[in-house]
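Q: Here is how the chains run, residue by residue.
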Amino acid sequence: MTRDRTPAPEHCLPLARALYSEHSQMVYRQTDHLFAWLMIAQWLFGIGLAVWISPLTWKGTASESHPHVLTAILLGGVITSFPVLLAYFHPGATLTRHVIAVAQALTSALLIHLTGGRIETHFHVFGSLAFLAFYRDWRVLVTASVVVAADHLLRGVFWPQSVYGILDSGVMRAIEHAAWVVFEDAILIVYCTRGQAEMWEIARRQAQLNAAYDDVERQVAEKTHELTEQATRLAENEERMRLLVEGTEIIVWDFDPARNQFTYVSPQAERFGYPLAQWREPGFWQRTLHRDDACEAIAFCQQELENRRDHRFQYRMLSRSGDVVWIDDLVSVYQASSGALRMRGAMIDITDRKNLERDLLANIQELDLAKQESEQASRAKSEFLANMSHEIRTPMTAILGYSELLLAEDAADEAADSRVEALRTIHRNGDHLLSIINDILDLSKIEAGELAVESAACSPRELLDEIHSLMMVRAQAKGIAFEVVYETAVPDRIRTAPTRLRQILMNLAANAVKFTEVGSVRLIVRMAADGAPRMQFDLVDTGIGMTLQQQQRLFKPFAQADASMSRKFGGTGLGLVISKRLAERLGGDVSIVDSEPGRGSRFRLTVDVELDDDVTWCEPEGRRRAESTPTTPDGRDGSRPLRGCRVLFAEDGPDNQRLVSFVLRKAGADVTVVENGQLALDQVVDGGRFDVILMDMQMPLLDGYDATTAIRATGYEGPIIALTAHAMRGDRETCLAAGCSDYSIKPINREELIAKIASCRPAAAPTTAQ
Amino acid sequence: MGIRVSNVRRWWLAAALIVWALALVTAYGVLLRYQSTSGAAGDPPPQWPADAPLARAKSGKTVLLLAHPRCPCTRATLRELEIVVANRPDWDRVRVLFFRPRDAGEPWIQSDIVQQAKSMTGVEVAWDDDGRIAALFGARTSGHILVYDERGALEFTGGVTAFRGHEGVNAGRDTLIALAHGEAAPRSRTPVFGCPLFTPQDAAKAPKGEAPR
Chain A
24 MTRDRTPAPE HCLPLARALY SEHSQMVYRQ TDHLFAWLMI AQWLFGIGLA
74 VWISPLTWKG TASESHPHVL TAILLGGVIT SFPVLLAYFH PGATLTRHVI
124 AVAQALTSAL LIHLTGGRIE THFHVFGSLA FLAFYRDWRV LVTASVVVAA
174 DHLLRGVFWP QSVYGILDSG VMRAIEHAAW VVFEDAILIV YCTRGQAEMW
224 EIARRQAQLN AAYDDVERQV AEKTHELTEQ ATRLAENEER MRLLVEGTEI
274 IVWDFDPARN QFTYVSPQAE RFGYPLAQWR EPGFWQRTLH RDDACEAIAF
324 CQQELENRRD HRFQYRMLSR SGDVVWIDDL VSVYQASSGA LRMRGAMIDI
374 TDRKNLERDL LANIQELDLA KQESEQASRA KSEFLANMSH EIRTPMTAIL
424 GYSELLLAED AADEAADSRV EALRTIHRNG DHLLSIINDI LDLSKIEAGE
474 LAVESAACSP RELLDEIHSL MMVRAQAKGI AFEVVYETAV PDRIRTAPTR
524 LRQILMNLAA NAVKFTEVGS VRLIVRMAAD GAPRMQFDLV DTGIGMTLQQ
574 QQRLFKPFAQ ADASMSRKFG GTGLGLVISK RLAERLGGDV SIVDSEPGRG
624 SRFRLTVDVE LDDDVTWCEP EGRRRAESTP TTPDGRDGSR PLRGCRVLFA
674 EDGPDNQRLV SFVLRKAGAD VTVVENGQLA LDQVVDGGRF DVILMDMQMP
724 LLDGYDATTA IRATGYEGPI IALTAHAMRG DRETCLAAGC SDYSIKPINR
774 EELIAKIASC RPAAAPTTAQ
Chain B
147 MGIRVSNVRR WWLAAALIVW ALALVTAYGV LLRYQSTSGA AGDPPPQWPA
197 DAPLARAKSG KTVLLLAHPR CPCTRATLRE LEIVVANRPD WDRVRVLFFR
247 PRDAGEPWIQ SDIVQQAKSM TGVEVAWDDD GRIAALFGAR TSGHILVYDE
297 RGALEFTGGV TAFRGHEGVN AGRDTLIALA HGEAAPRSRT PVFGCPLFTP
347 QDAAKAPKGE APR
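If you're matching them up, the sequences are chains A and B in order.
For the first sequence, the working numbering gives the first residue as 24, with consecutive numbering after it.
For the second sequence, the working numbering gives the first residue as 147, with consecutive numbering after it.
For the record, the hints were derived by calculation from the structure and aren't laboratory data.
All C-beta atoms in this analysis are idealised placements derived from N, C-alpha and C, irrespective of residue type, glycine included.
Do not take every clue at face value.
[Said to hold, decoys possible] Footprint (simulated), chain A over chain B, 3 or more residues, beta carbon under 8 Å:
1) 178-191
2) 200-208
3) 211-217
4) 291-299
5) 325-337
[As the list claims (entries may be wrong)] Chain A is faced by these chain B residues, among others (derived, beta-carbon under 7 Å):
6) Asn-153
7) Trp-273
8) Cys-341
9) Pro-342
10) Asp-348
11) Ala-350
Construct the complete structure from the given sequences, taking the supplied hints into account.
A: If you want it as C-alpha cells, here you go:
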C-alpha cells in the first residue's frame, strides 16, 4: 500500500494505522452520506425531469402517466433505495461504497438510455467517477467502471441507439468510450492513491505527534510527580528543620558581613531578651559580645571569613538582662548569588553546659582531693594492717610455737592434766586468733582490690593429695571418713592460682569436717559436663546441715548460719565469704547445692582453668579415704622428715630463733642460726654447706631481701625460703623477686614449715657455695 | 480496515443485494421492452388516395408526418425530420399533420410539439381533424412518416427513431436522407415508435361518416 512507502517509527505504526483507518472511515462515511443525498437528488431530479418533459403519454384523446415518469419513480427508486439505505444504516462499509458505485453507474446508464444516448449525458459517467473518487478508494472506481463498461457493451450490442444514439455504433465506438473512462480512471486512481498517501502521511505525522505529545505528557507527568515529591520532601524537611530548630532552641542565622547585620534570625533568638528586629540591626552582634571575648571573637570570625573557612567557636554574649550567655557558634561561609561572601550558622546556648562543666571541674577537684585523702587513708590502713600483721604474727609465732612445743615434748605427758589443758587452751586460742587475723587480712585485701591472683601451672592431683593429707588428720581426729572421689578424668596439669584454690578447698573441707560429727566428708572432683575448661569440686558431708533461712545468711561477712554456731564450732564466719570472693576471682563460684538439717550439705566450688594444648588426662582411679596411711611428701621417715638436712636459719628474734631451730632439729635437721642477713651471707661465703636457707625478711644490718640477693650473687642455687610476718599484697612477689624460692608466713605452722622444707630439699647431696 | 459485520447481517446484506439486482434487471427490462416496442405499423395505401383532402406535390416527393400534438415521443421524430429536411430543404411538400379531436382545447393546439413543428423550416403544419387523414392514409401511431413520389406511389412508410423518443441515427432517417438525395432507399418500411394517434373511443366520438377508419 501507499502508506508503507513512508516508514514511520516502529512504535508509531499501530497508532498510525489506527489513525489512517479512522480517517479512511470518516472519508468513507462522509462520502457515503454525500452520495446518499446525491442519489436522492438524482432520483427526485429524474422524476421532476420526467414529469416536466413527458408527464403523460397519449392514446388519441386519452392520456395517462408516461412510462418515463413511472420509470423515474420506480427504476430510479430501485436504483437509489438500496445504496441510500446502506449509506444510512451501514456507512463506511466496503459493500456500501461499491453498491453506491454500481448504483451511480446504473444511474448514468439510465440517463444515457433515457436520453437516447445523447453524448452530453455521458458526462454523467465522468462526473460520477470523479465523485466516486471522493472515496479515495480506487476499487470503487473499478466497480463503477466495470458496470459502465458492461452497460455500454451490452447495450452497444443489442441497443446501440440507447448508448451511442446510433444503431450502428461499431466496436471502435465502445472502445473509444471505454478508453475515455479508463483515461479518467487512471487519473482518478492516481488521485486516489495520492490521497491515500497523504492520508497515511497525515496519520503517520499525527501518530508521531501523538507519540511525542504522549511522551511530553509522560515526561511532564513524571517531572510533575518528581517535583511534587521533592516539594513534599522539601516541605517535610522544612517542617522537621523548623521543629528541630524550634524544639532544640538552636538559633539559626544568616549574616551579611558587608552590612554587618543579620539578615535572618530564627525566632529562638528572642530567648536572650532581644526582639528579632533588634537582632537585625547593624552591629548587633558586636555590641552584644562579652567584653572579654569581643576582640578575639571578631578577629577570629573576620579571619575565617577572609579565608572562606567554615568554623566553630565559643564565646560569650550578654543577654538583654545582662546575663552572660555562652554561645557555641557553628559558622559556614558561602558565596551568595550576588557573589558577595555571606555567613550562616547556628548558635547553641551552652551556658548550662558551661556551668555544669565549671561545677564538674570543681567536683573533680574535690573528688581528686578526696581520692588523694582516701588513697592516703588506704595506704595508712595498709601500712597499719601490715604493721599489725607483723606485730601480731611475730609474738603469735612464739606463743603458738612454744605451746605446741611444750605439748609435743614428752614432758607434757608427765605434767599435770591441768597444765596440759592450759597449754592446749593457749594453743587453741592462739590458733583461733591467728585464723581471725588471717581472715580479716584476706577480706581486707579482697575488698581493697589488692588480692593478687597469680596464674601458675599445677597438678590437680597433687593439690588434692595435699588437701587429702591435711584433712585426713582432722577427720581421723573426729572419727569420720574423708575421701576424695574422682568422677571424671582430670588433667594432669592446669593453669590457675594454686594457692588460692588450695585455700578455698581447705576452707570448704575444713568447714565440712568441722560441722560433721558422724559419717563422712567427700570431696568429689569432676570436669564440667559442657566440655568447658572448668573444674567442679563438691564437698559433701553428713553433718548438721542447714535450713533455708540459714543458707540465706551464708556468704555474708561475719555471719554464720546460726549465732550459736560460732559459740559451738568457733570461726569468724569469714571463711565462706572469702572463699566465694576468691572463687569469683578464679572465674567461678561457691554455692550451696543442697543442704538439709540433720542430713548434711553439699557445697560446690567451680573454677575456670586453662589447659595446655598437650594436656594429658588422668582417668579416675577411685577414691582416697581417710583410713589410708598418710605419707610424707618425699616418702621419708614420718617422725624425722628432715633427717640430715642442713638448714641455715637467719632470724633476729631470739624467741623465734629458739622455737624454729627447736622444731627443725626435732624434725631431724642440722640447723645453723644467725642473727641477721649479713651473718647468713657470711656463712655462705665462708663455704657453709646448706641444703635449705630459711630467711627472715625483717632483720637488722642486712635484711632478708638484700641478703638473699647477695647470696644468690655468690652462686648459691639451693632453696631459700622467705619467712615473714608481712602478709599483705606484694610481699610474696617482693620475696620471690629478691631470689627466694618459696614463701612462708609467720606465725609458722610447724607441719607446713617442715613439709615445705622437705619438699624443697634437694634429693641429691647438699649444694654448697663456691 | 472496513467495518466488521456479523454473519447474520452479512447474509441479510447479500440477500438484499440480490433482491436489488433482480429488481434492477426487471425494471430495466420493462423499460427496454417499453421503449423498444413499436406502435401499430398501420396500413398506408400504396398509391396516393384520390380522395385525399390534401394536395400532392406536382413534382418531387410528398412527405407526410402523422403526429399527435402531445406525444412526447414525437419530439424525437420532429428533430429527426428536421435533420432530414435540412438535408433536402427543397422538397416540395413536407407536411406535419397533427391529430385534432373535435373538442381540442388550447393546450392541445398550442402544445410544445406543435410549436416545435411550426418552428421547423420547410415544414408545413396542418391539422388532421378527428384523424380522418391519418385514417385515410392508414396511420395509427404518432410519428408515422409517409413518402410518396411524384407519381403518387408510396416509397417509404415508418418512423425515424429507433426507440420511443430516442433521437439518433436510425434506419428511417437514413432512408429519408437517401430518398432526399435521390438515392435508392435502403428500406421502405421501418417501425414507428410513438403514441397511438387515436383510439376506438375517439372514433366513436367523431361525426358519423367522418370517423377515422
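Q: Evaluate each hint against the coordinates.
A: For each hint, the structure was consulted:
Only residues whose C-beta sits within less than 8 Å of a C-beta in chain A count toward coverage, and the stretch 178-191 of chain B has 4 of them, enough to reach three; the restraint holds. Note: the stretch 200-208 of chain B has 0 residues with beta-carbon separation from chain A under 8 Å; the three-residue rule is not met and the coverage is violated. Given a C-beta distance limit of less than 8 Å, the hint that chain A covers the stretch 211-217 of chain B holds, as 3 residues qualify and 3 suffice. With a cut-off of 8 Å between beta carbons, the stretch 291-299 of chain B has 0 residues touching chain A; three or more are needed, and the interface restraint is violated.
With a threshold of 8 Å between beta carbons, the proposed coverage of the stretch 325-337 of chain B by chain A is violated, since 0 of its residues qualify and at least three are required. This hint is violated: Asn-153/B has a C-beta 14 Å from the nearest C-beta of chain A, more than the 7 Å allowed. Evaluation of the Trp-273/B hint against chain A yields a violated restraint, the C-beta minimum of about 14 Å exceeding 7 Å. Because the closest C-beta pair between Cys-341/B and chain A is about 5 Å apart, less than 7 Å, the hint holds.
A cut of 7 Å between beta carbons decides the hint on Pro-342/B: the least distance to chain A is about 4 Å, and the hint holds. A distance limit of 7 Å between C-beta atoms decides the matter here; for Asp-348/B the minimum to chain A is near 4 Å, and the interface restraint holds. Taking 7 Å as the C-beta contact cut-off toward chain A, the hint placing Ala-350/B at the interface is violated, the least distance being around 11 Å.
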